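A.B. asks: These are the residues of each chain, in order.
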Amino acid sequence: MNILKFFTAGSVDDGKSTLIGRMLYDTDSILADQLEALQNSNRKNDDGSIDLAILTDGLRAEREQGITIDVAYKYFQTEKRKFIIADTPGHIQYTRNMVTGASTADLAIILVDARNGVVEQTIRHSYLASLLGIKHLIVCINKMDMVDYSETVFDAIVLKYKALAHQLNLQNVNYIPVSALRGDNVVQKSDHMSWYQGESLLNYLENVDVSSDLDVAYARLPVQWVIRPQTEDLHDYRGYAGKVASGTLKVGDEITVLPSGLKSTISKIEQFDKELSETFAGQSVTLHLKDDIDISRGDVIVNSTSLPYQSQVVEADLCWMDTRPLDPSLTYLIQHNSKLSRCKIQEIVYNVDINTLEKHSVHEFKLNDIGRVLLKTADVLPFDLYDDNRANGAAILIDSRTNLTVGALMFRMALDY
Amino acid sequence: MPLNHNVNKMSKNSLDYLDQLEAEAIHILREVAGQFEKPALLFSGGKDSITLVRLAEKAFRPGKFPFPLVHIDTGHNFEETIAYRDKMIERIGEKLIVGYVQESIDQGKVIEQKGKNASRNALQTVTLLDTIAKHGFDACIGGARRDEEKARAKERIFSVRDEFGQWDPKRQRPELWNIYNGKIHKGENVRVFPISNWTELDVWNYIRREGIELPSIYFAHERDCITRNGQLMAASPFLNMDEEDVVTRKQVRFRTVGDMTCTAAVESGAVLIDDIIDEISQSKISERGARMDDKVSEAAMEDRKKGGYF
Numbered sequence: 001m002n003i004l005k006f007f008t009a010g011s012v013d014d015g016k017s018t019l020i021g022r023m024l025y026d027t028d029s030i031l032a033d034q035l036e037a038l039q040n041s042n043r044k045n046d047d048g049s050i051d052l053a054i055l056t057d058g059l060r061a062e063r064e065q066g067i068t069i070d071v072a073y074k075y076f077q078t079e080k081r082k083f084i085i086a087d088t089p090g091h092i093q094y095t096r097n098m099v100t101g102a103s104t105a106d107l108a109i110i111l112v113d114a115r116n117g118v119v120e121q122t123i124r125h126s127y128l129a130s131l132l133g134i135k136h137l138i139v140c141i142n143k144m145d146m147v148d149y150s151e152t153v154f155d156a157i158v159l160k161y162k163a164l165a166h167q168l169n170l171q172n173v174n175y176i177p178v179s180a181l182r183g184d185n186v187v188q189k190s191d192h193m194s195w196y197q198g199e200s201l202l203n204y205l206e207n208v209d210v211s212s213d214l215d216v217a218y219a220r221l222p223v224q225w226v227i228r229p230q231t232e233d234l235h236d237y238r239g240y241a242g243k244v245a246s247g248t249l250k251v252g253d254e255i256t257v258l259p260s261g262l263k264s265t266i267s268k269i270e271q272f273d274k275e276l277s278e279t280f281a282g283q284s285v286t287l288h289l290k291d292d293i294d295i296s297r298g299d300v301i302v303n304s305t306s307l308p309y310q311s312q313v314v315e316a317d318l319c320w321m322d323t324r325p326l327d328p329s330l331t332y333l334i335q336h337n338s339k340l341s342r343c344k345i346q347e348i349v350y351n352v353d354i355n356t357l358e359k360h361s362v363h364e365f366k367l368n369d370i371g372r373v374l375l376k377t378a379d380v381l382p383f384d385l386y387d388d389n390r391a392n393g394a395a396i397l398i399d400s401r402t403n404l405t406v407g408a409l410m411f412r413m414a415l416d417y
Numbered sequence: 001m002p003l004n005h006n007v008n009k010m011s012k013n014s015l016d017y018l019d020q021l022e023a024e025a026i027h028i029l030r031e032v033a034g035q036f037e038k039p040a041l042l043f044s045g046g047k048d049s050i051t052l053v054r055l056a057e058k059a060f061r062p063g064k065f066p067f068p069l070v071h072i073d074t075g076h077n078f079e080e081t082i083a084y085r086d087k088m089i090e091r092i093g094e095k096l097i098v099g100y101v102q103e104s105i106d107q108g109k110v111i112e113q114k115g116k117n118a119s120r121n122a123l124q125t126v127t128l129l130d131t132i133a134k135h136g137f138d139a140c141i142g143g144a145r146r147d148e149e150k151a152r153a154k155e156r157i158f159s160v161r162d163e164f165g166q167w168d169p170k171r172q173r174p175e176l177w178n179i180y181n182g183k184i185h186k187g188e189n190v191r192v193f194p195i196s197n198w199t200e201l202d203v204w205n206y207i208r209r210e211g212i213e214l215p216s217i218y219f220a221h222e223r224d225c226i227t228r229n230g231q232l233m234a235a236s237p238f239l240n241m242d243e244e245d246v247v248t249r250k251q252v253r254f255r256t257v258g259d260m261t262c263t264a265a266v267e268s269g270a271v272l273i274d275d276i277i278d279e280i281s282q283s284k285i286s287e288r289g290a291r292m293d294d295k296v297s298e299a300a301m302e303d304r305k306k307g308g309y310f
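Residue numbers (this note's numbering), protein chains in the order written: chain V, 1 to 417; chain G, 1 to 310.
Hints listed in this document are in silico derivations from the structure and should not be mistaken for laboratory results. Every value quoted in this text rests on a predicted model; they were computed, and no experiment measured them. A couple of the hints might just be wrong.
[To be verified] Simulated pairs of lysine-lysine, BS3-like, Cα-Cα distance not exceeding 25 Å:
hint: 1; chain 1: V; residue 1: K263; chain 2: V; residue 2: K250
hint: 2; chain 1: V; residue 1: K268; chain 2: G; residue 2: K183
hint: 3; chain 1: V; residue 1: K366; chain 2: G; residue 2: K183
hint: 4; chain 1: V; residue 1: K268; chain 2: G; residue 2: K58
hint: 5; chain 1: G; residue 1: K58; chain 2: V; residue 2: K344
hint: 6; chain 1: G; residue 1: K58; chain 2: V; residue 2: K250
hint: 7; chain 1: G; residue 1: K95; chain 2: G; residue 2: K58
hint: 8; chain 1: G; residue 1: K64; chain 2: V; residue 2: K274
hint: 9; chain 1: V; residue 1: K290; chain 2: G; residue 2: K58
hint: 10; chain 1: V; residue 1: K290; chain 2: G; residue 2: K64
hint: 11; chain 1: V; residue 1: K189; chain 2: V; residue 2: K5
hint: 12; chain 1: G; residue 1: K58; chain 2: V; residue 2: K274
hint: 13; chain 1: V; residue 1: K376; chain 2: G; residue 2: K183
[As the list claims (entries may be wrong)] Listed next, the stretches of chain G that the computed footprint assigns to chain V, with coverage defined by at least 3 CB atoms under 8 Å from CB atoms of chain V:
hint: 14; region: 28-37
hint: 15; region: 240-248
[Stated by the list, open to error] To give a feel for the contact side, a few chain G residues facing chain V, derived at Cβ under 10 Å:
hint: 16; residue: A25
hint: 17; residue: N178
hint: 18; residue: I184
hint: 19; residue: L201
We put the CB at the ideal spot given by N, CA and C, even for glycine.
In isolation and in its complexed conformation, chain G is listed as follows (with noise of 0.2 Å):
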């Protein structure tokens, strides 16, 4: 599908659509700003966030972030996230607090999963909470987009989570024009995505508009796989293996960034930012498709997101 056409008729103030989103998310960062004490960033390294940043500094510079951004590391990452994410915080000198979820394991918290299929991910909700909880984040700003998902699809921008950090869409508050109602009660929190109404294509659009840099993996690269359910997966220390798997090199890139045990890569040849746009243009998988997490039934985002996921 061809992405520049600028076909509609147009009257003088009408903004293009990269703008319209742009204007939003800002507006909605700056409402956190005004309307909560203590708000944090969570920062996975994921295009996504590294968006949330680009939009962080179009809406406070040239002031500092009235946020630190957290990192929650399941200690499963792939190497290029946290040299990315290393570097990025020298460049925009703001505060980076990490939550280690290995932490959580030593301290009995959490249990590691067995198992050829086992993941880190499920359990980096135990020490995203803990992480809230320690520092008294009242505000998480968060990448989700509302496309990525059914249950996302309903979801506020403002989305108020209890002491347990579940989500409850039964309960959801109204959410009308743009007034975004940000009172809660101690304990509680609230997961901001100002993102929401920006779609897979939109974000990689915005993110050669501004020229953005991004993790090397995003981009084609070789690296040995396997095969698991029928997806490409990093051959990994963090990846329970046996005989039955094989590795083999392949040329891949991956469309999300998450813990190495549950993100799978696609074969591409993609290497620059508009191959990966005709790639997804043309793609016939969605984003989340290539997420074993949600793999596991139809109504597997609704069960984490109650359950305090991101």
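Extracted from the complex, chain V is given alone in its bound form (with noise of 0.2 Å):
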């Protein structure tokens, strides 16, 4: 059994968290004390049902207002995989929000509203989805009970998300009526749309293969740690910890240490008791070189059979996540995997209308926005691009001054490699 993670992009008025909420109860994975609370609580449905929707919104400030602000997790299981959920607020001054909870997702949930169709934040949603290098989406087409389970509506909102998904270049798209109220194709199939012949929300989820999309040729283990005991018996031990990023590594492979680009042979690898022939990608492990090189965290090792960009000068896309605009006179600390270093924002090369996909030439960039940017490192960054290699083509941006973290970087192409 394996663990699927995925986020759902959509407001309260799509039934976000009713159908997450719908997931969780009809699998069963409300806990009595739980579902007592929800049924003490003051909101219910206009027919006096549960309000499924309270199960996901945490925070007393979104219950007072009403709307998810954050991006809260939620844990489910079935017989036959995990599930965590990040649910993400839908509306456009929570985009950073959503962009976290779609950071570290496998697969993504556009709600769409049935009655309104493709519309200004469905484009933004697969958007983020698309930005994020969500390899698996699901479309749900909502509140079928509404326009009495039509298949015609179905089909129609489908031949306009697939035009989008074209230009997003979005792979993998699947669609489902449903109606998370009613319950209709979320976990069970419905009655009432004999027409689609596809699976339920759930079945779905349960069998997506997600496995193979870190299973790519070049290995990268950024260094976290050296374990270093310097004791009278494991005097000459150097391990160097971190987690396998990408690809696999196996005893007796040529390795380069980058930035340095010191060569060596792994001799070793272990998982605490265990001795290892090969790690790959998602494994925690502890490598030894047959070589006494110098190797300290922030380091990354990697095969040298396919060596990453190395570079100062990078292309990549950015969201900015502060309230205070980016400042393109300011320095900005860029952490890479175990990696700090300071960068400057040299160009804004455009910045994205995330409702219309329109590309603008601009000179501020503010909160919740996206675009392109040119950047200069102050340090040479071993990194892949991000759609090859999400692992290894990712950063983020922190402000010296508040240590907030401040941009999301998506690496696109490295200028003087």
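Please dock the two separately framed chains into a single complex, following the hints provided.
C.D. replies: And the structure:
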């Protein structure tokens, strides 16, 4: 059994919280005391039934405003799989929260209100899924009960969305007609839509295969910590600890350490009390090398046969996450894996109107703005392009005055390699 | 619900969920080691912090932990917890720092609650903050999980606290990919939650897989209990009891380990870890449902967290 992480995009009006509540409720993932708290709550649907949306809004401010303003993580499991949901807010002022939720997701659920079809926010949410490199998408056309479970309505929306998916180069898009309120096609297949031949939403989530997404040819292991006990009996022990970001490393492989460029061979791979002959993406391990070379936290061990870019000038997509606008005169901290460096934004190439997907040339970058920038880093960064290797193609910007995380970067092009 | 199914078609390099969760937690612990000057691991003697110790062994052995363990002692402990703690410290050979709530009371920093429902649970926040300040800890690793409670569901893995120990849910830093921003100003510290993404059942399955020993109170045993607000409490000198409280001998176990005055027992015959896993799989009461401190109001946890609670 493995874990599927997905995020849900949509606003309160689309019934997003109701959809998640429905999945939890219909899979028996709500426990008695939680249900009791739910039943005692003042919020009810118009017909007096339990408002399932309450299950997913956590904080008091949100309860007061009746909207979700942060990312809430929810957990449930079926016999086939474990699920982690990043429940993210849908309004444009919370774009940064959605970007955050999407950054760790394998799959996105885009909610569309059957009565309204593809609207501005559908474009925005789909754009964000594409920006963050989500490789699997489910478009849930919700509130089918409000349009008499009409196949014609569903087909028209699918047709319109396909054009958008094409424009955004979205792969693996699936369409499911649902009613979160009534439970149609969420966990159980609906009796109201015999024209729909596909699976229920949960069924699809249980079976979609995302394990190959990190299974790329290039191995990357960012070194987090060097284990050196320096005791009598472990005098020469020197282990490089980190989590394999992508690819596979084997004992005997020739590796290169970046940025130094020094080469060596893997002599041993340890995982606590076990020795492994090979290690792959997702595992936290300790590597030993044949040669005694200088390696410290922030370095990256890669297989010598496919080196990453090594560059100081990078074109990247940036999502701005701070209330203070981007200041091109400032030096920001940039964190790429375990490496902390400094950088400047040299140029704002363009900014994207994420409701219309139009590109504009602008001179400022404010909260929730997304666009293309050119940045120069103080150190050479060994990176891959985000679309090729999400794990080694992303970084965050930190404002050294406030220490806040102010930007999310997805590397798109190396300019001086 | 069956637990160990391998129904999914997996590619060659697919990790089992416990391996995924373990690898993520080890990555987080190593980030703490790499990013902070003076981290600490908050150890309560509960199964979650015991799991953290196991994960730290996996992250740093054969080296030493790059942090001490810190225990906040309310003085109202289950004696089994303290015995377990001391034995474990001896086994792993790491440093333990204890902060005593009694000291905070003696110093007049907190006042003992009165009345029937008096508990030192709320007081330990002050002792914790004092201990952090005294030793200058810049990061405190804790065993909180997002599935415990709604407010926790929104907490970051690296959660910044101001100099008053406060968590501000509206000013949380965005946390993207697996990149953790541990930059802080002087006086601030970060609470780090490596098992954020684990559920209660995940923790139990991991404990079983790893063969981790636990304090005996997690398993069914006979104990004198009283019923308070519909919950079973262990009869102890720390609980203010009166003639209305009827002591009965019951077979119980505890689902969490906290202060004796606020940790409720459940009637149970689960003597083995497999029994516990079966019990939890079928349980209709969530783990925090057995904590009286959350019952006060729907927003109880959020309020306590804002005040610097674990």
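A.B. asks: Would you mind marking each hint as holding or not holding in the structure?
C.D. replies: Going through the hints against the structure:
1. V:K263 <-> V:K250: Holds. V:K263 to V:K250 sits at ~15 Å (cutoff 25 Å).
2. V:K268 <-> G:K183: violated (34 Å)
3. V:K366 <-> G:K183: holds (22 Å)
4. V:K268 <-> G:K58: holds (16 Å)
5. G:K58 <-> V:K344: Given that 25 Å is the threshold and the Cα spacing comes to 38 Å, the pair is violated.
6. G:K58 <-> V:K250: Status holds; Cα separation ~20 Å.
7. G:K95 <-> G:K58: Given that 25 Å is the threshold and the Cα spacing comes to 17 Å, the pair holds.
8. G:K64 <-> V:K274: holds (18 Å)
9. V:K290 <-> G:K58: Answer holds: V:K290 to G:K58 is near 23 Å, not above 25 Å.
10. V:K290 <-> G:K64: At roughly 24 Å apart (the allowed maximum being 25 Å), G:K64 and V:K290 satisfy the hint.
11. V:K189 <-> V:K5: holds (23 Å)
12. G:K58 <-> V:K274: holds (10 Å)
13. V:K376 <-> G:K183: holds (21 Å)
14. 28-37: holds (count 4)
15. 240-248: Violated - the region 240-248 of chain G has 0 residues with a Cβ nearer than 8 Å to chain V, which falls short of three.
16. A25: holds (8 Å)
17. N178: holds (7 Å)
18. I184: With a minimum Cβ separation of about 6 Å from chain V (threshold 10 Å), the hint on G:I184 holds.
19. L201: It holds, given that the least Cβ distance between G:L201 and chain V is near 8 Å, below 10 Å.
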